[in-house]
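Given next are the chains, with one letter for each unit.
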Amino acid sequence: GEDVEQSLFLSVREGDSSVINCTYTDSSSTYLYWYKQEPGAGLQLLTYIFSNMDMKQDQRLTVLLNKKDKHLSLRIADTQTGDSAIYFCAEKVQAGTALIFGKGTTLSVSS
Amino acid sequence: NAGVTQTPKFQVLKTGQSMTLQCAQDMNHEYMSWYRQDPGMGLRLIHYSVGAGITDQGEVPNGYNVSRSTTEDFPLRLLSAAPSQTSVYFCASQGLLTGELFFGEGSRLTVL
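For the record, the sequence lines run as chains A and B. Note that my numbering has the first sequence beginning at 205, numbered continuously upward. Note that my numbering has the second sequence beginning at 3, numbered continuously upward.
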């Protein structure tokens, strides 16, 4: 069945790079997403990547997709304390269907 | 541009009470869904709708009802609240082109 796995916690120092990893099982994924959830708030889309792409860069964010290994990563350059949040990986396998979410990775940034 | 609006933001219920969580979107999206978020469990899909008049069950539908009489509104009803339904509930609508979900701010429900 469909499943999305993420490590639960990541701790980094301010100014370092953060890399959050995600694996998924369904090879028919069309889009993959990264969402950010700050405490007490809803989920906000950070970025997404289409399944025929290997990489997408958006300012401090770099998304890498390895379709062969079904592995997705999110790199945050120059991590700031404001980046502390829960990051969710999600996949979409067919048109008009719900997204499958991982359990989220809590990123803690210390100064 | 309001996006997805959920009400109420907070609610406390007693076991056995019923209530409705409201959700409205102004983006003319056909697809809407309800998720619940619990610690260590991530987001789990409760119900979803692919358009007005059409609803279907997600991963954890028991104890919840939905209806979709208009494109804009997708209310979630708790028929007889139980402590296991204490959670944060998120409504979302989905863009057609990239499939991204737009989430509301969440409704925090406590059942005593």
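If you are wondering where the hints come from, they were derived from the structure by calculation, not from laboratory data. Among the hints, erroneous ones may be present.
To be verified - Computed list of lysine to any residue pairs in SDA-like fashion (alpha-carbon distance at most 20 Å, straight line):
hint, chain 1, residue 1, chain 2, residue 2
1, B, 11, A, 242
2, A, 240, B, 110
3, A, 260, B, 99
4, A, 240, B, 46
5, A, 240, B, 63
6, A, 307, B, 99
7, A, 260, B, 44
8, A, 240, B, 51
9, A, 307, B, 107
10, A, 240, B, 42
11, A, 240, B, 90
12, A, 240, B, 97
13, B, 11, A, 244
14, A, 240, B, 7
15, A, 240, B, 44
16, A, 307, B, 90
17, B, 11, A, 262
18, B, 11, A, 248
The hints, checked one at a time:
1. Between residue 11/B and residue 242/A, the direct Cα distance comes to roughly 16 Å. Compliance with the 20 Å bound is thereby established for this hinted pair.
2. Between residue 240/A and residue 110/B the alpha-carbon distance is near 18 Å, which keeps this suggested pair within the 20 Å criterion.
3. Our distance criterion of 20 Å between C-alpha atoms is met by residue 260/A and residue 99/B, whose separation comes to about 18 Å.
4. A distance of roughly 16 Å separates the Cα atoms of residue 240/A and residue 46/B; the hinted pair therefore holds under the 20 Å criterion.
5. A hinted pair counts as satisfied when its Cα atoms are at most 20 Å apart, and residue 240/A with residue 63/B does not qualify at roughly 25 Å.
6. Note on residue 307/A and residue 99/B: the hinted pairing is violated, with a Cα-Cα distance of about 25 Å set against a maximum of 20 Å.
7. Proximity of residue 260/A to residue 44/B is assessed by CA-CA distance (about 25 Å); at most 20 Å being required, the pair is judged violated.
8. Simply put, residue 240/A and residue 51/B have alpha-carbon atoms about 24 Å apart, too far for the 20 Å limit, and the pair is violated.
9. This hinted pair checks out: residue 307/A and residue 107/B have alpha carbons roughly 18 Å apart, not beyond 20 Å.
10. Restraint check: the Cα-Cα separation between residue 240/A and residue 42/B comes to about 16 Å, which is no more than 20 Å; the hinted pair holds.
11. Of the supplied pair hints, the one linking residue 240/A and residue 90/B holds, its CA atoms being roughly 16 Å apart against a limit of 20 Å.
12. At roughly 18 Å between alpha-carbon atoms, residue 240/A and residue 97/B fall within 20 Å of each other, so this suggested pair holds.
13. Between the alpha carbons of residue 11/B and residue 244/A the distance comes to roughly 11 Å, so the proposed pair stays at or under 20 Å and holds.
14. Distance hint between residue 240/A and residue 7/B is fulfilled; the C-alpha atoms sit about 18 Å from each other, no more than 20 Å.
15. As the CA atoms of residue 240/A and residue 44/B are separated by approximately 13 Å, the hinted pair is consistent with the 20 Å bound.
16. About 14 Å separates the Cα atoms of residue 307/A and residue 90/B, which keeps this hinted pair within 20 Å; it holds.
17. Distance check on the hinted pair: residue 11/B and residue 262/A sit about 32 Å apart at the alpha-carbon level, beyond 20 Å; violated.
18. Restraint check for residue 11/B and residue 248/A: the C-alpha separation of about 17 Å stays at or below 20 Å, so the hint holds.
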